[in-house]
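Colleague: Sequence:
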Amino acid sequence: MPKPWWWTASGQPSASTNFDNRSFALNEELNLIVYNASLARQLEEAFEQDLKYSKQITYAEWNSRGIGARICELFAFPVKEYL
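Quick note: the sequence shown, position 14, residue 100 per this note's numbering, numbers continuous.
Worth flagging that the hints you see were computed from the coordinates, not collected in a lab.
The C-beta atom is built at its ideal place from N, Cα and C for all residues, glycine as well.
Treat the hints with care, since some could be wrong.
Said to hold, decoys possible - Taking CB as the label site, the calculated pair distances span:
| # | residue 1 | residue 2 | range |
| --- | --- | --- | --- |
| 1 | 106 | 138 | 44 to 54 Å |
| 2 | 123 | 145 | 29 to 39 Å |
| 3 | 138 | 104 | 35 to 45 Å |
| 4 | 152 | 124 | 37 to 47 Å |
| 5 | 153 | 122 | 23 to 33 Å |
| 6 | 121 | 156 | 22 to 32 Å |
Using the sequences plus the hints, can you model the full thing?
Modeller: Structure (structure tokens):
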């Protein structure tokens, strides 16, 4: 999944993009730089909203996921680039 790059309302970069040929070829990355404090605030708020619905997991938690999740991953593998 591409990582966006934008400047926060305080003028700090909030994310970056992978700047290599493999990422551009396989991840369909796009870069956009916009200098607009209002838009930066909106993006920050959207990011904060997304965080409310996310859950950080450790490698150990991911590695111990159940057989059901692993089977779903096998079925999703052929279309993973579109998910």
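Colleague: Does the structure break any of the earlier hints, and which numbers would those be?
Modeller: 1, 3, 5, 6
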